[in-house]
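Student: Read off the chains here:
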Amino acid sequence: MSALSLFYAVLFYFATAVLVLGLARKILQYARTPAPLKIAVTPAPITPAGVPWRLAREVVFFESLFRSSKWTWLFGWLFHAALLLVLLRHVRYFQEPVWTVITLIQPFGTYAGFAMVAGLAGLWARRFLVDRVRYISTPSDHLMLALLIAIGLTGLGMRFVRHADIIAVKTFMLGLLRLDIQPLPGDPVLLVHLGLVALLMIIFPISKLLHAPGLFFSPTRNMADNPREARHVAAWAAALDK
Amino acid sequence: MATAAFETPKLKEYPVIPLIKVGATSHLKPFVAGEAIQKNLGFPGELVEDWQAKAIAKMGELLGKYRSLQVYMDACVHCGACSDKCHYFLGTQDPKNMPVARQDLLRRVYRRYFTFAGKYFPWLVGAQDLTREVLDEWYSYYHQCSECRRCSVFCPYGIDTAEVTMAAREIMDSIGMGQKYANEIIGKVHRIGNNLGIPGPALEDTLQGLEEDTKDDTGVDVRFPLDVKGAEVLLVTPSADFFSEPHVDSLIGYAKVFHAAGVSWTLSSKASEAGNFGMFIGNYEQLRKIALRIREAALELGVKRIVVGECGHAWRVAYSFWNTLVGIGAGGKDPFAIELQRQLDQRYKQPMHICEFTYDLIQRGALQFDKEKNDKRIITFHDSCNVARASRMGDFAGGQFVIPREIIKAVANNFHDMAPETIHESTFCCGGGGGLLTDDLLELRVKGALPRMEALKNVVDEYNVNFMATICAICKAQFTKVLPQYGFDMSMVGGVHQLVSTAIRLGDK
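Protein sequence lines, in the order shown, are assigned to chains A and B. If you read the first sequence in the numbering used here, its first letter stands for residue 140, the second for the next number, and so on. If you read the second sequence in the numbering used here, its first letter stands for residue 5, the second for the next number, and so on.
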């Protein structure tokens, strides 16, 4: 086994551990932090049963963003929807045999790669063209988009310009799952692609990508508008009634 | 006077998102609370010696107590969806009045002291040490937010700048940098019982005067009872209703509704204030302590129902927080809540908004109106932010929009809504909410009213609207002050129950 294969194997084990443990730590923190007051924002569901439906609309359609900015919604939704297809397409590298649904999704996943990069380009353009968005952008906001675009372009490059040995890549990935490290092809585009994906996994739990779990814990979105019907008291606030 | 000369913005025909003007309102900040005011509330009298360490420790404490703050510090992606939603940004062009930038003032410090990226790569994520300059910016810009929550409606993650502003004000109070206006008022509530500082005997005089005035106007003995034990309803209303114009006209309206419906009611000298500025400064203990007065008054007077007058943030506290804070509501299974539930009549919503009360009577045909008495008025309705976005009325979603409008339509013939993107949950703040209704922030208040004034001008031009009804004491006071700045008559603003008062038939004439 080459040093390269070993390096990437260790990198992916490390990245996966950081992603899973880091996210678990943040999710636990969000879940354990009390929300002492009812602060649902209109239009809020008036029963707890309505909350999943509201969250689903936010997650699937980006409902609030659609109301606020059509351009940001267009680029943002395009990127996220395309990313989902691209990720599903990549599931084939981690299973043998491949599920039928993953096989069926392959052509959509391929072209979603273009949509993903187009969406990201649109989001990045806003950071330069809209003076308000330019003002609030930090270096990390730009680099995050650069990272995602680089991942997209290297992926598209291997699909449409110079094919990587995907059979060998799949063997490597399946090997990782079985703790049996297999050789990874030395294709530079592939190595960049995989390296950047690992980087993305590592920064996920320490960056603004926490918006993904954050949405589910946002009290303005996940609370029911029923404060007169049900008394809501956090533990530290209940102690004051004693 | 702290207010230097400034220019009132021009009203445009269509709303335009302005270009940013860095530092446009960096000179605006309210007076800092003096030692006596601060110590009254248990806060340090002046900026403490080791304020930096104390502020960071307080931030850590709040992050552990409020999920909203913890999640909102992490979740923002700087997408800019909120950047054109704040009335203060639209009116001042100062980019730090964009909700995202306002949150970032705190978020940069959060990142520096509480996150891996900010500790080791501060330049990358815009993390910042808590310096005196940063603290001064906090003081300035966290007092240019009216906690109206419009940004939260539009944020893809629901990030609520009000939560961030409240946390920032709480941190500043804890290190001795409180705001004079809000903290002075909270002191008055504890000492005297209401925000205006009206002592019991003066209140009694005022109510007697109102009985005489109403008798002169209508020939009917409409009562304004105070501290009547065993009354059915305890009315808790903003103290501005006792003294200010046009507020008092709505108080007369409530009294006439109770009279016409034959429901016994009372005001309380102890709880002679619905407002709760504890919310504005984000302090849970103050919020609770102020709300406890209502509980105590209700228990002492033995009332069956608690009804709240026209006041925006008070209704947020009453509707959304009272059940949590002091057990006024249903569903509590602890002894503290049960004690009050046993006394209150659970067939009715507790607490109830005066608009819900009046609307129910109208629905049941218990009130009669001479609508044509309001014919000289062409009316529009300004949704107050805390009613629109932070609470509700009735037992259906959107009741807070439907019920006041249905009351207006029941008592008047001419009603026109303003543009849809400026009403309901998209309503623009009057510019004076959240503890900013003070003359040392007059420039901010005038400029922050711009989006509402533009929407108003459109219905004035199109339908000759000459009356803007609203159900918030702060909105009424703020508009009375800023309407003339935009060339409107200050008497254009008034309460919904002012309209009710004009048209209601008192029956026993």
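Think of the hints as simulated: they come from the structure by calculation, not from any bench. Ideal placement from N, C-alpha and C gives every residue a C-beta, glycine not left out. Take the hints with a grain of salt, since some may be wrong.
For the chain B half of the interface with chain A, some residues (derived, Cβ under 10 Å), not all of them [what the hints assert, rightly or not]: (1) Leu-67; (2) Cys-80; (3) Val-104; (4) Val-129; (5) His-194; (6) Arg-195.
Student: Now, for every hint given, state plainly whether the structure supports it.
Tutor: Hints versus structure:
no. : hint    : result
1   : Leu-67  : holds (7 Å)
2   : Cys-80  : holds (7 Å)
3   : Val-104 : holds (5 Å)
4   : Val-129 : holds (5 Å)
5   : His-194 : violated (17 Å)
6   : Arg-195 : violated (22 Å)
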